[in-house]
Amino acid sequence: MYRDQIIDLYENPLNFGSLEPSDFTYEEDNPLCGDVIRIYVRVDDDNRIADVRWSGVGCAISQASASLLTEDIKGKTLDEIKAYSKEDLLELLGIQLSMTRIKCALLSLKVLKAGVYGMPDPQELRK
Amino acid sequence: MYRDQIIDLYENPLNFGSLEPSDFTYEEDNPLCGDVIRIYVRVDDDNRIADVRWSGVGCAISQASASLLTEDIKGKTLDEIKAYSKEDLLELLGIQLSMTRIKCALLSLKVLKAGVYGMPDPQELRK
Amino acid sequence: MMMLDAKVIRNDFPILLKEVHRDKQLVYLDSAATSQKPQAVIEAMNGYYRNYNSNVHRGIHRLSEEATTAYEGARERIANFINAPDPACVIFVRNTTEALNLIAYSWGRRNIGAGDEILLTEMEHHSNIVPWQLLAEEKGAVVRYVPFTEAGLLDLPKFHEYLTERTKLVSFASMSNVFGTINPSKEIVKATHDIGALAVIDGAQSVPHLPVDVQDFDCDFLAFSGHKMCGPTGVGVLYGKRALLEEMPPFLGGGDMIRRVQLDGSTWNDLPWKFEAGTPGIAEGIGLGAAVDYLSNIGMGAIHAYEQFITGYALEALSEVKGIRVLGPGAAQKGGVAAFTIDGVHPHDISQLLDEDGVAIRAGHHCAMPLHQKLSIPASARASFYLYTTTEDIDRLVTGLNRVRKVFRLD
Amino acid sequence: MMMLDAKVIRNDFPILLKEVHRDKQLVYLDSAATSQKPQAVIEAMNGYYRNYNSNVHRGIHRLSEEATTAYEGARERIANFINAPDPACVIFVRNTTEALNLIAYSWGRRNIGAGDEILLTEMEHHSNIVPWQLLAEEKGAVVRYVPFTEAGLLDLPKFHEYLTERTKLVSFASMSNVFGTINPSKEIVKATHDIGALAVIDGAQSVPHLPVDVQDFDCDFLAFSGHKMCGPTGVGVLYGKRALLEEMPPFLGGGDMIRRVQLDGSTWNDLPWKFEAGTPGIAEGIGLGAAVDYLSNIGMGAIHAYEQFITGYALEALSEVKGIRVLGPGAAQKGGVAAFTIDGVHPHDISQLLDEDGVAIRAGHHCAMPLHQKLSIPASARASFYLYTTTEDIDRLVTGLNRVRKVFRLD
Ligand SMILES: Cc1ncc(COP(=O)(O)O)c(C=O)c1O
Ligand SMILES: Cc1ncc(COP(=O)(O)O)c(C=O)c1O
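Protein chains in written order, with the working numbering: chain A, 11 to 137; chain B, 11 to 137; chain C, 12 to 422; chain D, 12 to 422.
So that you can see chain A by itself, here it is in the shape it has in the complex (with noise of 0.2 Å):
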């Protein structure tokens, strides 16, 4: 499971850092591992998405996830995001995940959905 490039991407992570100023930001986490991911997104005038952060801990599996899913998403517009499924994501992943481990790759894209649809941010609202 742990192929080489999972392990390069934990140790050196794309587009890890954050935007100031950026047009949304989320946050969320998985309390059942510990896992968080924040994601900055700056969107352009087409809704394409201009630039993308992310920041968080957690296993190998979600911080190479949010790594190749914020790669893939640059100059996707809003509505590509919102049609982006689990299995686009899994594809990327490239290997064989079990029910938990799943919710790891996941959480990226969970939190880059929630900022699309504008929720609340759970951060906001604790405040």
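Hints are supplied without guarantee of correctness; some may be wrong.
Here are the simulated lysine to aspartate or glutamate pairs, DMTMM-like style, with alpha carbons at most 20 Å apart [claimed, not checked]:
| # | chain 1 | residue 1 | chain 2 | residue 2 |
| --- | --- | --- | --- | --- |
| 1 | D | Lys197 | D | Asp166 |
| 2 | A | Lys123 | A | Asp89 |
| 3 | D | Lys333 | A | Glu21 |
| 4 | C | Lys169 | C | Asp127 |
| 5 | D | Lys29 | C | Glu54 |
| 6 | B | Lys120 | D | Asp281 |
| 7 | C | Lys29 | C | Glu367 |
| 8 | C | Lys333 | B | Glu21 |
| 9 | D | Lys35 | C | Asp127 |
If you're looking for bench data, these hints aren't it; they were derived computationally from the structure.
Start from chain A and add chains B, C and D with the ligands according to the hints.
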């Protein structure tokens, strides 16, 4: 288990009826099976059972046991009643009983003892 | 539909080949209390304990994943069995009793207030009475009981009369465990919804014996027990409509039902786990899944049809016993239950004497004291049937009853 | 006392002979989540289902009597196992979680009021936190948490400081499921009683691993789970002092827990049945009885001694792994649990990679989020031991961890 004697006593119970007035009377039921027994006791000046009657409904075991018990205690002192054991009554019945049925067999003794110890009558309490 | 062959089915049940008493094979006529278990169910649990026993949900190792897949797979098949729209609506509990208490505590304490009415029937099992009495006492609400008719049927005109704008909840057994009466669930639920109340079905007797479709019934909740439907003890189900379950507060707090625990408070997990605190009955859930597979393979329609046949046969045969009075309606309106009394013999004595013949029936109030009080009898004897009950079983029951009459010198 | 031989003991556990992954035998280091089950326990339940499956308590036929005798006999042996003065003080529940909720609902709702304090510790399992949070929220009470020290021991001076006349209840794990810390139960109970509060022991981890004597501890309640002590899933125990249980109102209402049900109210059965509503986990109770027999035969003293040995061995071996940090105290103050982190690898990844080697450990917060928050770690990996854990198991764990380091390029 159903010796002829049990059936005899079920058909023709001993000391069945009531005593008015009595020195004490007590009733209890076994709600799990719906057996009910009330005992009426008259005590003489020596604190001996002068007369006793019982009434109630229930299975052959509880009814036969009430007959045998009331017959056995005539002339006994209240202290002797207090010392009267479950085993005494079961021996009188002379049959092997399972856990569930032992409760049936001992209902009359339970009622008698409660009466001797002067428990408040549940029937009275309910009024 | 071909009628099922109970004699063939018996081979699936190891216990039914047992000799209870000297050389007498067991005649088990107490399935309404708990059913026997087919080999497939016993083996499903053994398989778990021998091959992949592990705690569920949180483990990343193989055993835990296998156990989680099996446990959640069982939930899905149980959801299909009652045609629940979503496995998230199927909550594993210990038994029907816990399921009903869960509703009373979680939904009831938030939604029932002083003066509100909870409508039950006089033929309910204690498990569908006491939780509501406790709730009503706490909240100052009122429990009312729809009476039954002479024939042991629900008094429907009275039901409609008792249903008022004060009624907040109607809870009833879709099949009575004493009369065997099959109540008109759909009609009751519909009338309940018409006045804006919730409808709870106690399916402890119906789910094991009849096809039950929660979407067709449109009930808000359905409670049933695994042990009465070829499944293990220690597991039951609460089905609830998703929207209701979502808004209900948790019942038991602890591991697995939380999303996050902090010192100053906690948030809850998604359905169905919000209502499953602590390590669940894993083997039991898996066993119930196997039971549902077993029953589905045979077909609930076929089981019901067979039970109607065997109940008809039993009522006919019992009517030959002198002094007998069978409680409840005729075979057409009844599941596989025949509760009865015999003049001059207490039900306990009937049961005891039958036991000597290897015939297991039940005697007592069957956890339905109000029903018996209404009939002014302290207790009854009850023979109950299932897919493995044969006409020979019934014949042995009748022979036994005739012996009871003889021992009690009634002839 | 001769040390027990884990290699011989393994033969009692069918699953431990299993090959999980290709040709690798299972190394099961997740017993704190749930233990494996010996053949004797599996067989006890099979025996029930195959030979005398029947509902308990109310039946007069042979099967029901056999089942009742076995079920109540199990209760007696379990009472002996914890040295309860009376089997009536042993209530069968589903698990530790339900036991703790039962106290919170039944005793708590009647005895806890606004401003009252419930004292827990920061090393509690969610099951010993959430029920009290729910209760406190309902009643306006306050939950306080005794901190633990750097070493993972309970901060006893702080405990005594937090214990005030506002404290109504102290509830704590006698053994932590993450640190493994064995807390000084007797001292805690004594101090609790001195200020007039009640003491609840969460024995989920201690009862399976140490000799536990409720009369010696003098605790008011003790909760534990069957599945962690060689018993089946779906059964646990609440022990309570008789006088307390007597005066507590019932928790769940329904069949078996009543003495009499009438339309206008009900009265309760005697202990322990007052708290056992509906058909109980019969097979599960019987299975737990067999588990207690199994453990008693070996001796809880011997088991504890062996676990101290294996824990010492494990801590020693683990200390050789680079970058590892084992949580909690040293072997002397700890049961058979080693939770740890490795710098640079998430516990999930550790667990996943170990699984490829056939080594089953757990990764996550182990239902102890507050403990992990306090340590500022999102999760930990946890290896836990039992009487069947061998030094070979530990060696395979260490080999696996070194492979993890290699895959993650840490060397
Ligand atoms: C200390 C402690 N308390 C409570 C529990 C909860 O046990 P159960 O899930 O069996 O209810 C556990 C087990 O996970 C535990 O380790
Ligand atoms: C109609 C009905 N409701 C509820 C119950 C209670 O089921 P359990 O004891 O499995 O909780 C029963 C079974 O006895 C029943 O027949």
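Going down the list of hints, with the structure as the test:
no. : hint                  : verdict
1   : Lys197(D) / Asp166(D) : holds (15 Å)
2   : Lys123(A) / Asp89(A)  : holds (10 Å)
3   : Lys333(D) / Glu21(A)  : holds (18 Å)
4   : Lys169(C) / Asp127(C) : holds (18 Å)
5   : Lys29(D) / Glu54(C)   : holds (17 Å)
6   : Lys120(B) / Asp281(D) : holds (15 Å)
7   : Lys29(C) / Glu367(C)  : holds (15 Å)
8   : Lys333(C) / Glu21(B)  : holds (18 Å)
9   : Lys35(D) / Asp127(C)  : violated (63 Å)
Taken one by one, the earlier hints fail for this structure only at number 9.
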